[in-house]
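According to this note's numbering, the sequence shown is numbered sequentially starting from 1089.
Derived from the structure by calculation, the hints contain no laboratory data.
Treat each hint with caution, since some may be false.
[To be verified] Simulated crosslink set (DSSO-like; lysine-lysine; CA at most 27 Å straight-line): (1) K1193 to K1283; (2) K1178 to K1149; (3) K1193 to K1178.
[As the list claims (entries may be wrong)] Label-pair distances were calculated between CB atoms; the ranges are: (4) K1149 to E1307: 39 to 45 Å; (5) G1263 to P1223: 21 to 27 Å; (6) I1339 to A1221: 29 to 35 Å; (7) P1223 to E1328: 20 to 26 Å; (8) R1256 to Q1300: 25 to 31 Å; (9) M1201 to V1267: 16 to 22 Å; (10) M1201 to G1293: 15 to 21 Å; (11) G1207 to E1252: 14 to 20 Å; (12) G1135 to G1115: 23 to 29 Å; (13) G1293 to A1152: 31 to 37 Å; (14) P1148 to G1263: 26 to 32 Å.
It should be emphasised that the depicted structure is a prediction, and the values quoted were computed from it without experimental measurement.
Note that beta-carbon positions come from the ideal geometry of N, C-alpha and C, so glycine has one too.
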Amino acid sequence: MLTLSGHIHTAPDAEQLFDDLGSALLGSAQRAVQERGVFHMALSGGGTPEPFYVRMVTDPKFRAFPWQQTHAWIVDERCVPEDHEKSNIKMVREAMLDHVPIPRKGVHPMPVMEQNPAGVYEEELSIAFGGIAPPEVPCIDFILLGMGGDAHTASLFPQSPALEITDRWVAENDGERVVPPPRLTMTYPLINHAKEVVVLLTGMGKHATLKQIERRLAEAGPDIAELPITGIDPAPQGGELTWYLDQGAAIGR
């Protein structure tokens, strides 16, 4: 069994994993709405979560999801128009948000084509969270992350400028190891202030990177510069990190 920071939740296959994650997301949403009347989640793009998003709108067990009280944010985005085939918000809308009764004002695409996209998105977050501003940080209820083969998460790529940002919630990111085009991304301070952070990984292709992360954490602790996902740690702020892995990702077969 892998040893990673946070909790590890495994399932024999992706379908069971999506079922388990959907139940966790639904529970988080219901608790937040019961406590405060609103639920804030931040979603990632990519091929791994897409079938999960479809599952959230096609499986009857998730029909109780409180969409009317939900705000959906985007963890990161490529600097492309919203109708571009590589746009994360395009995928999330088509897979899930266009098919649920979430209010228009509850969907928050990243304004990547604006002159100051990071500042605009931070202002949107500030308004939604009662007017707070740095150094205060919004507490998003649930953030769903993925991970690339280079251990990047969100658009926090190895050796990229956004890794060093500690006083902003959102940042533009580009550089030699950032897969083009340039990106807009939530930063460590915002992600690590969430109540729940989930990393969803499926398939044997992720296992080698997870083993590399496991070795690094055991031998020397986090390596943000080369393994950015090791910088994800909401525990000091009272949050929880959970890795959702299918058998392929967890044991490599």
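Verification of the supplied hints:
1. K1193 to K1283: Roughly 22 Å between the alpha carbons, so the hint for K1193 and K1283 holds.
2. K1178 to K1149: holds (25 Å)
3. K1193 to K1178: holds (16 Å)
4. K1149 to E1307: 39 to 45 Å: At 42 Å between Cβs, range holds.
5. G1263 to P1223: 21 to 27 Å: Since G1263 and P1223 have Cβ atoms about 26 Å apart, the given range 21 to 27 Å holds.
6. I1339 to A1221: 29 to 35 Å: violated (45 Å)
7. P1223 to E1328: 20 to 26 Å: 23 Å Cβ-Cβ, so the 20 to 26 Å window holds.
8. R1256 to Q1300: 25 to 31 Å: holds (29 Å)
9. M1201 to V1267: 16 to 22 Å: Check passed, 19 Å falls within 16 to 22 Å.
10. M1201 to G1293: 15 to 21 Å: violated (32 Å)
11. G1207 to E1252: 14 to 20 Å: holds (18 Å)
12. G1135 to G1115: 23 to 29 Å: The hint (23 to 29 Å, Cβ to Cβ) holds, given that G1135 and G1115 are roughly 25 Å apart.
13. G1293 to A1152: 31 to 37 Å: With Cβ atoms ~34 Å apart, the hint holds.
14. P1148 to G1263: 26 to 32 Å: This hint is violated: roughly 45 Å between Cβ atoms.
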